[in-house]
Amino acid sequence: MNALLDPLTPAQREAVQHVDGPLLILAGPGSGKTRVVTHRIAYLLEQGVAAGQILALTFTNKAAEEMAIRLQPLVPGTSVWMSTFHRFAAKLLRAHAPLVGLSENFTIYDTQDSRHVLRRVLDELDLDTPHVTPERIVSAISRAKNNLVTAEEYARRPGDPLSRIVAKVYPAYQRRLLASAAVDFDDLLLHVAQLLRNCPEVRQTLDERYQYILVDEYQDTNRAQYVILRAMSIDYPNLAATGDPDQSIYGWRGADLNNILEFEHDFPDVRIVRLERNYRSTQRILRIADALIAHNTRRKQKDLYTENDEGAPVRLVAYGSHKEEAQGIVARIAKEVDAKRRRPRDFAIFYRVNALSRAIEDALHEQGIPYQMIHGQEFYQRKEIKDVLAYAELVNNPRDDAAFFRVINTPTRGIGKKSVERLTEHATRRGLPLLEAAREAGLVESLSSRAAVNVAKFVAMIDRIGEVSHGAVEEVLGTVLSASGMREILANSESEEDQNRLANIEELLTAAREFDTQNPGDSHLEAFLEQVCLVNETDDWEAETDKVTLMTVHAAKGLEFPVVFIIATEEGLMPHERSKNDLSDLEEERRLLFVGITRAAEQLQLSYAVYREFRGQRRRTVPSSFLMELPRHEMELVESRASSSFPAADWEVPDYERPHYEQPDDEQPDDAEKVVGSLIQKTTPEPLMTAALTTAAEMVGDAVDDRAAAATDRFVQGMAVTHPEHGLGKIVALSGDGPRRKATVAFVTAGEKKFVLSKSPLRPARRR
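Just so you know, we're using the numbering used here here: the sequence shown kicks off at 1 and counts up by one.
Take these hints with a grain of salt, some might be off.
[To be verified] Below, computed lysine-lysine pairings styled on DSS-like, alpha-carbon distance capped at 30 Å: (1) 386 x 457; (2) 323 x 335; (3) 753 x 742; (4) 417 x 383; (5) 323 x 62; (6) 753 x 730; (7) 759 x 323; (8) 730 x 323; (9) 418 x 91; (10) 323 x 386; (11) 62 x 300; (12) 168 x 417; (13) 386 x 91; (14) 547 x 335; (15) 417 x 386; (16) 580 x 302; (17) 168 x 418; (18) 62 x 302; (19) 383 x 418; (20) 383 x 457; (21) 386 x 418; (22) 323 x 742; (23) 91 x 340; (24) 383 x 547; (25) 759 x 300; (26) 62 x 383; (27) 580 x 386; (28) 742 x 759; (29) 730 x 759; (30) 759 x 62; (31) 323 x 340; (32) 386 x 62; (33) 300 x 323.
[Claimed, not checked] Quick list of the computed label-pair ranges, beta carbon to beta carbon: (34) 126 x 751: 33 to 41 Å; (35) 204 x 362: 16 to 24 Å; (36) 103 x 464: 21 to 29 Å; (37) 131 x 463: 25 to 33 Å; (38) 617 x 445: 49 to 57 Å; (39) 70 x 413: 44 to 52 Å; (40) 581 x 291: 24 to 32 Å.
These aren't lab readings, by the way, just hints derived from the structure by calculation.
Beta carbons: idealized from backbone N, C-alpha and C, even for Gly.
Sequences are here, hints too, so could you generate the full structure?
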């Protein structure tokens with residue numbers, strides 16, 4: 001027992017040795033929470049708790065695997081179930097599917113499949129939704145499910161125009177899912193929450209079975225997850241929740257910060273343990289992070305500290321452009337790697353949105369530095385992979401209409417859109433799944449004899465694949481490739497793109513083979529398909545691969561690196577523009593930067609570009625208001641000019657950002673820039689900072705417009721412009737580059753006219 005407890009701090013030991021009753025572990029970043037969770041499980045086992053009575057839940061497969069790996073040396077051969085919430089819910093749902101109107105072989109639709117179903121529902125309903133995108137409808141339905149609002153309940157609620165559209169679509173969408181024996185990601189949790197609420201005997205059985213539940217990252221739970229955990233902790237309230245309100249960054253996915261903030265109200269007898277010692281970061285990095293997050297109000301106080309070295313100052317660098325930012329960062333990485341002081345895998349580059357990665361990728365390519373981008377789901381979202389898996393889904397669940405639509409003419413086999421529409425009409429009239437309707441192709445009068453024959457051949461092919469569906473997964477997928485002709489078509493193609501698709505398919509076969517090796521015995525096709533659907537974003541991150549890691553800050557949660565670069569710390573990006581009018585959203589954006597900062601162990605650099613090209617527009621930026629909340633004395637503030645081609649007076653950084661730079665007399669900032677510095681210096685670090693910076697950005701924008709009206713890169717699609725002869729107009733099209741860049745302008749009185757921007761008297765219209 002001493003070997004189990006001796007490596008722990010007093011706070012960690014207190015959390016580990018708490019056996020019965022609710023427990024809240026407030027674990028700061030890098031405080032060893034995974035060690036606490038695994039040692040607590042080992043301690044429970046030592047105290048005589050049966051392994052089958054313990055359930056450990058987290059949010060990513062990587063985290064679950066890490067817990068399992070760390071537990072093995074402590075308790076070799078243990079069979080404690082460690083799982084993600086969605087895998088746990090999927091297993092419960094398979095066991096009790098009929099109670100919620102599903103068959104046990106239901107299909108789990110990923111985001112792409114769900115949107116395809118939604119678009120078909122929109123077509124069937126023939127709704128006029130010119131100002132509402134399918135994505136907004138999907139998001140609204142997802143929020144409803146996360147809050148346990150069913151389709152029937154939603155339809156009874158009054159609301160705005162979007163809500164009224166969703167009220168019509170949501171029930172039809174849900175009926176379509178049930179008819180296809182399918183669920184989306186949100187349904188996994190919604191159905192289980194309803195099951196526990198509506199079936200007391202099931203709830204009681206699960207409560208008794210899992211008497212000790214440990215939840216990691218509790219701050220990221222949504223309403224549905226909260227209800228599931230509460231329902232399973234009534235008779236045996238031994239729920240141990242580990243989390244940190246300061247690291248709650250998934251509100252946009254439905255995470256409810258109140259779940260952890262109000263834990264002691266749900267469990268009045270809770271013991272609260274604070275893990276405040278950080279084992280990861282240097283003192284300077286930790287002080288920077290602590291100073292930032294102190295500006296949030298919705299949190300639980302922790303006093304973070306570390307016994308690590310003081311460390312190097314945190315760098316804040318102002319680059320002239322996004323390209324200079326990328327080249328500057330990569331040059332620093334190359335210098336360290338070339339000098340053998342670091343390896344590529346020591347570095348990580350974080351950004352707020354994936355669209356910001358392109359310049360970084362280009363710079364890494366130029367320097368020949370290997371890198372990995374973290375998009376764990378992307379492999380399984382490739383068309384050729386989705387096609388192969390859709391065949392397997394249809395074999396596993398013959399009612400899966402989404403899979404049928406995907407593969408009926410993939411590869412092409414002479415079954416056109418009209419034929420599919422006629423099959424669909426027949427299926428609707430007969431109340432049949434599409435595959436069953438296809439078996440009756442010869443009875444569909446509107447179907448041509450040629451099409452009927454082709455449909456019959458397709459059904460025969462599906463049946464052939466079905467004959468091996470109880471074998472190894474690799475065999476099933478291999479049969480799909482041969483029976484469909486997909487492999488032969490790709491192999492015989494001279495297209496490099498097709499050869500890449502073939503390589504991806506072969507990689508899928510490798511994944512299937514590995515799955516078969518890990519799961520010997522009877523068929524596991526359903527389990528393989530479920531595993532593929534529940535891939536997490538960081539599942540393809542390889543810690544031992546000697547490559548620089550590129551990822552969003554959201555994806556970086558739970559990881560750590562010796563050296564971290566966080567780019568584009570600018571208003572509108574970090575914090576994101578969506579947060580500017582909502583205090584709770586702004587606090588989540590601050591938590592996001594806090595998470596990014598605390599991923600760094602030894603060195604950290606924050607940066608922004610004075611000019612950034614983003615989403616097809618090149619615009620002047622304003623440094624993030626969060627940067628004003630960081631202690632300057634802990635930082636090295638740097639202005640980089642290495643590759644800037646902008647005139648000095650056109651891209652000056654205000655004085656508050658340049659303590660180490662002595663400005664020449666002929667490069668004094670203009671009045672607008674002085675206003676920016678004044679506003680930021682005089683404004684306290686409160687939410688009003690965002691409004692002040694927005695005002696400052698507009699003033700700077702006006703001044704730049706006056707100075708650089710003739711610069712071609714200042715003109716963007718949709719911009720209002722003025723012409724001395726034609727008056728006010730709007731740019732409706734752009735083409736070309738550099739001095740040859742042209743604009744088509746629609747004027748209020750003169751109609752459309754084209755201009756070579758470098759030679760025209762066009763000027764951006766002043767904002768009022």
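Quick rundown of the hints versus the structure:
Taking the CA atoms of residue 386 and residue 457, the gap is about 22 Å. The hint holds against a cut of 30 Å. This hinted pair checks out: residue 323 and residue 335 have alpha carbons roughly 18 Å apart, not beyond 30 Å. A hinted pair counts as satisfied when its Cα atoms are at most 30 Å apart, and residue 753 with residue 742 qualifies at roughly 10 Å. Between the alpha carbons of residue 417 and residue 383 the distance comes to roughly 19 Å, so the proposed pair stays at or under 30 Å and holds.
A C-alpha spacing of about 33 Å is found between residue 323 and residue 62, which places the hinted pair above 30 Å, so the restraint is violated. Simply put, residue 753 and residue 730 have alpha-carbon atoms about 10 Å apart, close enough for the 30 Å limit, and the pair holds. Note on residue 759 and residue 323: the hinted pairing holds, with a Cα-Cα distance of about 26 Å set against a maximum of 30 Å. Restraint check: the Cα-Cα separation between residue 730 and residue 323 comes to about 29 Å, which is no more than 30 Å; the hinted pair holds.
Distance check on the hinted pair: residue 418 and residue 91 sit about 39 Å apart at the alpha-carbon level, beyond 30 Å; violated. Restraint check for residue 323 and residue 386: the C-alpha separation of about 35 Å exceeds 30 Å, so the hint is violated. At most 30 Å may separate the alpha-carbon atoms for a hinted pair to count; residue 62 and residue 300 meet this at roughly 27 Å. As the CA atoms of residue 168 and residue 417 are separated by approximately 27 Å, the hinted pair is consistent with the 30 Å bound.
Between residue 386 and residue 91 the alpha-carbon distance is near 23 Å, which keeps this suggested pair within the 30 Å criterion. A threshold of 30 Å between alpha carbons decides the hint, and for residue 547 with residue 335 the separation of about 15 Å falls inside it, so the pair holds. A distance of roughly 20 Å separates the Cα atoms of residue 417 and residue 386; the hinted pair therefore holds under the 30 Å criterion. Proximity of residue 580 to residue 302 is assessed by CA-CA distance (about 27 Å); at most 30 Å being required, the pair is judged to hold.
Taking the CA atoms of residue 168 and residue 418, the gap is about 27 Å. The hint holds against a cut of 30 Å. Annotation: proposed proximity of residue 62 to residue 302 holds, straight-line Cα distance about 27 Å (limit 30 Å). Distance check on the hinted pair: residue 383 and residue 418 sit about 23 Å apart at the alpha-carbon level, within 30 Å; holds. In summary, the hint linking residue 383 to residue 457 is supported, as the alpha carbons are separated by about 23 Å, within the 30 Å threshold.
Taken as a hint, the residue 386 and residue 418 pair is honoured in the structure, with Cα atoms around 23 Å apart against an allowance of 30 Å. Restraint check for residue 323 and residue 742: satisfied, since their Cα atoms lie roughly 23 Å apart, inside the 30 Å limit. This hinted pair does not check out: residue 91 and residue 340 have alpha carbons roughly 48 Å apart, beyond 30 Å. Under the criterion of a C-alpha separation no larger than 30 Å, the hint pairing residue 383 with residue 547 is consistent with the structure, at around 27 Å.
Annotation: proposed proximity of residue 759 to residue 300 is violated, straight-line Cα distance about 59 Å (limit 30 Å). Simply put, residue 62 and residue 383 have alpha-carbon atoms about 25 Å apart, close enough for the 30 Å limit, and the pair holds. Proximity of residue 580 to residue 386 is assessed by CA-CA distance (about 38 Å); at most 30 Å being required, the pair is judged violated. The straight-line distance between the Cα atoms of residue 742 and residue 759 is roughly 10 Å, inside the 30 Å bound, and the hint therefore holds.
Restraint check for residue 730 and residue 759: the C-alpha separation of about 18 Å stays at or below 30 Å, so the hint holds. Simply put, residue 759 and residue 62 have alpha-carbon atoms about 57 Å apart, too far for the 30 Å limit, and the pair is violated. Using a Cα cut-off of 30 Å, the hinted pair residue 323 and residue 340 holds, with the two alpha carbons roughly 26 Å apart. Restraint check for residue 386 and residue 62: satisfied, since their Cα atoms lie roughly 23 Å apart, inside the 30 Å limit.
The suggested pairing of residue 300 with residue 323 is violated, with an alpha-carbon distance near 40 Å, which exceeds 30 Å. Hint check: residue 126 to residue 751, Cβ distance near 37 Å, so the stated range 33 to 41 Å holds. As the Cβ distance of residue 204 to residue 362 is approximately 59 Å, the hint placing it in 16 to 24 Å is violated. Judged by the Cβ atoms, the range 21 to 29 Å given for residue 103 and residue 464 holds: they are separated by roughly 23 Å.
Distance hint check for residue 131 and residue 463: the Cβ-Cβ separation is about 46 Å, which falls outside the suggested range of 25 to 33 Å. In this structure, residue 617 and residue 445 meet the distance hint of 49 to 57 Å, their C-beta atoms being roughly 55 Å apart. Our hint of 44 to 52 Å for residue 70 and residue 413 holds, since their Cβ atoms are close to 51 Å apart. Checked against the given bound of 24 to 32 Å, the beta carbons of residue 581 and residue 291, roughly 25 Å apart, stay inside it.
Hint compliance for this structure: hints 5, 9, 10, 23, 25, 27, 30, 33, 35 and 37 are broken, all remaining hints hold.
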